[in-house]
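2 protein chains.
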Amino acid sequence: MGAANSFIKGLVCSKCKKTYREDEENHLCTCGAPLLVEYDLKQAAKKVTRETFSGRPASLWRYRELLPVKDEDNIVTLGEGFTPLLPLRKAGERLGLSNLYIKDEGVIPTGTFKARGAAVGISKAKELGVRTIAMPTNGNAGAAWSLYSARAGIRAVIVMPEGAPEITRNECLAAGADIYLVKGLISDCGKIVGRSLAKNGWYDASTLKEPYRIEGKKTMGLEIAEQFNWELPDVILYPTGGGVGIIGICKALRELQEIGLIGEKLPRLVAVQAEGCAPIVKAFEAGKRESEFFPDSKTVAFGINVPKALGDFLVLDAIFETDGRAIGVSDEEILSGWRELVSTEGVYPCPEGAALYAAVKKLKKDGWILPQEKVVMLNTGTGLKYPNVFSGEFPYLNLEAVL
Amino acid sequence: MGAANSFIKGLVCSKCKKTYREDEENHLCTCGAPLLVEYDLKQAAKKVTRETFSGRPASLWRYRELLPVKDEDNIVTLGEGFTPLLPLRKAGERLGLSNLYIKDEGVIPTGTFKARGAAVGISKAKELGVRTIAMPTNGNAGAAWSLYSARAGIRAVIVMPEGAPEITRNECLAAGADIYLVKGLISDCGKIVGRSLAKNGWYDASTLKEPYRIEGKKTMGLEIAEQFNWELPDVILYPTGGGVGIIGICKALRELQEIGLIGEKLPRLVAVQAEGCAPIVKAFEAGKRESEFFPDSKTVAFGINVPKALGDFLVLDAIFETDGRAIGVSDEEILSGWRELVSTEGVYPCPEGAALYAAVKKLKKDGWILPQEKVVMLNTGTGLKYPNVFSGEFPYLNLEAVL
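Chains as they are written, first to last, in the working numbering: chain H, 189 to 591; chain Z, 189 to 591.
Don't read these hints as lab results, they were simulated from the structure. Worth double-checking, as some hints may not be accurate.
[Said to hold, decoys possible] Think about it this way: if two alpha-carbon atoms lie no more than 30 angstroms apart in a straight line, the pair counts; the simulated BS3-like pairs of lysine-lysine are:
id : chain 1 : residue 1 : chain 2 : residue 2
1  : Z       : Lys-439   : Z       : Lys-197
2  : Z       : Lys-278   : H       : Lys-258
3  : H       : Lys-379   : H       : Lys-206
4  : Z       : Lys-203   : H       : Lys-278
5  : Z       : Lys-470   : Z       : Lys-203
6  : Z       : Lys-205   : Z       : Lys-234
[Unchecked claim] Stretch by stretch, here's where chain Z covers chain H in the computed footprint (C-beta under 8 angstroms, at least three residues):
id : stretch
7  : 291–300
8  : 335–348
9  : 568–575
[Claimed, not checked] Some chain Z residues well away from chain H (every beta-carbon gap over 12 angstroms; in silico):
id : residue
10 : Lys-197
11 : Thr-207
12 : Glu-212
13 : Glu-213
14 : Lys-234
15 : Glu-253
16 : Ala-338
17 : Thr-356
18 : Lys-439
19 : Leu-449
20 : Gly-475
21 : Phe-482
22 : Pro-559
23 : Lys-573
Please read all numbers here as calculations on a predicted model, not as lab measurements. C-beta: ideal position from N, C-alpha, C; glycine also.
Please take these sequences and the hints and turn them into a complete structure.
Structural data, given as structure tokens:
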């Protein structure tokens, strides 16, 4: 056993502030709200400096003081994190921005940022002695949790809508997960998982019903701070479905402030949604702190097709507290943004990532983003996982005519 | 302009040892053999230590003294390199090996190790003032060169067999490459490119007709050395089609020896091929230093379906000089190896990578690999790029019955 030097203290309800232990299984608060991990940041402030992290291997585990795993032996890793932060000079020039960046979560095991949540979530599940996890999923999260479960020797029960992408279904299957397809929506899958948990003694790994996934996603915020040499950007854009990424980034920055590694100014956080599924945008525009179910949602960006997120109020808090905003883009804007971004810069984002580029265009145009501001688009995965979204006609060469 | 501190000296023929300049365009030697990059290793030995690299960002550019780009401003990067080197404890145990590792080149831009060759090749092309590159490809290389070309602002002409995977064709198209499909084999595509070069003034980026791709792939060897704290493994297995990877790794280790960063002992290099396309295995078993064209080749591992490689003699040199070997595995062994590896360890290799696992099994069984030896499998890409190779039946849940 090697101590990971985590400063974890316990869990606290994100609404009523009731506290829970972290060394036993906990999911939602009795009031129904998600639990968040608390650290002893006063102690951390005394021990943790920027140099604590800088010499360590380039994975998210370099931040282990601010992660929930206590024993290093429980860390389940496929080498995730410290993804590239790339300047986009040509695309920036095209948009009139001199400091545009993309953080590319396609360069990570399983090909999406879901790997971060799965790595930390499964590691903590291992530390808690969990034997079987269960979750509903639209695809990428299920794939990531299945693969990390395989590595940990934990059984995974995955329930997916039959419409979930085949590429992610195959990952679950290859990982040896118990996978079930449902002729219904992810909300139906969630109900099935919910009813099966107690009967079977499974560990609920559903979004925000499992408190440690946020901690994994948080590391995106820690990395952005360190990769910019602790000088935060002015704006961070994030494609927002369940919203765990934006909640995690905001939590990370708050924690860095409390231990004194960054100053007071926070980036404006922007939640980007598809117009076909924009509950957060609707709430933001109405000045509300909670969203309403968005009926008949539909978008090519499958990963952000979440009509009502459990943590919507946390997303809206993060937006309002940082003077950020929520913005919607159309599927047409997503697809044309994708083409423009790939052919200009050689990055290969998922549609959710391309939505950010479309959003930056709009926000620059209406003056909300200024020309010199440092802007980061958080691309959540590789376009390789969406083989059917983008394709085209190819010219054939007539061999006889050419040779 | 920032000097990259490269120790590049020039180019030398791999057969007749004739030398060429590196500050002008050069492809094959007049004798027809590939050119290799030479460095001033005596000077490098005086200046380069292990610490030169250790504090730098985790990308292949940390080794810039041993790379061909002279001006930092010419570096075209998507954040490639320093991929995870993961212990496989459970799979090792199953096979009776206590030190089995996988280096996972799936965690890299474009999803395959081809990104390394493209990053270094395109950077050097930019340094040489190239405006248009052209190449035949079976898929992954074309995708990588297209995307890095887009980032560099260089035009890419890509000629592919119509049987090349759709997922890679789409990458080329999205990158804005001029892509042509041919009703024929990669050898037909090569002929078309060859005839078009002079007429159009294009830069030939074909495998081994372009001397800098090897330098990019070489960094896999440099990383293995550094990631093992300069204590080399006993065996490195590599899926071998064109063979540039194994040639590059061998070149890297020789260079590290010459500048004194590693000792005399080299790992035994193993070229793994599919039984359906095994020209190197056939040559190795006959004790020959060159291979013969392997007719009617066929394998699920599309990336190593290369019936006759231009650099075959360099691959066989690397094998014989390190007391390594070549070994073939069947498609059935590849597929069952894949399933076993994914479900045991959570890694998600391409079929070429899975072939290594099948090979390790055989080599351990027949005693060529010993139980305590440190063994590295170099997985060349993510399984996500092969959505049709592995799939299965999924059980459906009857919603009415469950809820």
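Status of each hint after checking the structure:
| no. | hint | verdict |
| --- | --- | --- |
| 1 | Z:Lys-439 <-> Z:Lys-197 | holds (15 angstroms) |
| 2 | Z:Lys-278 <-> H:Lys-258 | holds (23 angstroms) |
| 3 | H:Lys-379 <-> H:Lys-206 | holds (26 angstroms) |
| 4 | Z:Lys-203 <-> H:Lys-278 | violated (42 angstroms) |
| 5 | Z:Lys-470 <-> Z:Lys-203 | holds (22 angstroms) |
| 6 | Z:Lys-205 <-> Z:Lys-234 | holds (25 angstroms) |
| 7 | 291–300 | holds (count 7) |
| 8 | 335–348 | holds (count 8) |
| 9 | 568–575 | holds (count 5) |
| 10 | Lys-197 | holds (30 angstroms) |
| 11 | Thr-207 | holds (33 angstroms) |
| 12 | Glu-212 | holds (26 angstroms) |
| 13 | Glu-213 | holds (23 angstroms) |
| 14 | Lys-234 | holds (26 angstroms) |
| 15 | Glu-253 | holds (20 angstroms) |
| 16 | Ala-338 | violated (4 angstroms) |
| 17 | Thr-356 | violated (9 angstroms) |
| 18 | Lys-439 | holds (25 angstroms) |
| 19 | Leu-449 | holds (20 angstroms) |
| 20 | Gly-475 | holds (37 angstroms) |
| 21 | Phe-482 | holds (22 angstroms) |
| 22 | Pro-559 | holds (22 angstroms) |
| 23 | Lys-573 | violated (6 angstroms) |
In summary, the numbered hints that this structure violates are 4, 16, 17, 23.
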